[in-house]
Amino acid sequence: MANTAAATVLDIAELSFSDLALLQSTETPAFDSRRRRVLDTVATELGRGGSGLLAIAEVPRVGALRRRLLPLSRRLALMDYPTRSQILKNHGLGSDVPLKKLDRSVSSFAKLVRHSGKLSLLELVNNTHSINHGFVCLEKIHYSDGSDESNCDDDMVNLGELVNELGLYMMELGILIAQACDIVIGGGRRRTVQKSAR
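Numbered continuously in the UniProt record's numbering, the sequence shown closes out at residue 198.
Derived by calculation from the structure, the hints in this document are not laboratory data.
Note that the structure is predicted; figures quoted are calculated from it, not measured.
Treat each hint with caution, since some may be false.
[Said to hold, decoys possible] Between beta-carbon pairs, the in silico distance windows are:
#1 E123 x G49: 31 to 39 Å
#2 A77 x R48: 35 to 43 Å
#3 E27 x V157: 18 to 26 Å
#4 G52 x R75: 30 to 38 Å
#5 G186 x S33: 27 to 35 Å
#6 G92 x K118: 19 to 27 Å
#7 T8 x C181: 20 to 28 Å
Using N, Cα and C, we set each Cβ at its ideal position, and we do this for glycine too.
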């Protein structure tokens, strides 16, 4: 009987999206206790000796996109290869960059996405709810973000747009986390995002 490796349980630190949004607010004082806790978590987990892992919860719109994309992924997985390949090709999916290594494994759903530097998630939060005492109210956004039951056939027609939207939001999270790291490294000063960020 083959030996099996013991399972490792990872204790991943978690921040809410409102925590990241808090760091972007010019109205939040540098000595704010919640701001300090967020920065300490970023420094601990992503700094030297840290786990390198950080979970971001309560991201607006992402839950709704997940509920729409998961049923589509099942349908696509059950399709025959030629049909699935054609659908993905029609939506600009199938490769993230030109393949220079023929043996490189690339997800069938990969797509090259370029970020403009505009942080749509932050705009969504700022335009929908105000920041009160450093807390962004996201609850209503989660329940009014188009997360109602949608027609799966309609979603298949919009597959490329859904994947693109999700990809852009993931890039925005990366930018916000990078800015949090900049604040930690820069001693609490927030740097401006370069428009050319990818």
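Review point. Should the hint that G52 and R75 are 30 to 38 Å apart at their CB atoms be regarded as holding?
Key: Holds - the Cβ-Cβ distance for G52 and R75, about 35 Å, lies within 30 to 38 Å.
Point to revise | 19 to 27 Å as the expected CB spacing between K118 and G92, which holds or is violated | key: Distance hint for G92, K118 holds at roughly 21 Å.
Exercise for review: Indicate whether the distance between the beta carbons of T8 and C181 respects the range 20 to 28 Å.
Suggested key: With Cβ atoms ~26 Å apart, the hint holds.
Check your understanding: Taking the CB of E27 and the CB of V157, does the distance hold inside 18 to 26 Å?
Key -> violated, 42 Å
Point to revise | S33 and G186 - C-beta distance against the hinted 27 to 35 Å | key: violated, 20 Å
Check your understanding: Measuring from beta carbon to beta carbon, are A77 and R48 in 35 to 43 Å?
Key -> Because 40 Å falls inside the window, the suggested range holds.
Practice item. For E123 and G49, compare the CB-CB distance with the range 31 to 39 Å and indicate the outcome. Key: Given range 31 to 39 Å: holds, Cβ gap about 35 Å.
Checked against the numbered hints above, the structure violates hints 3, 5; every other hint is satisfied.
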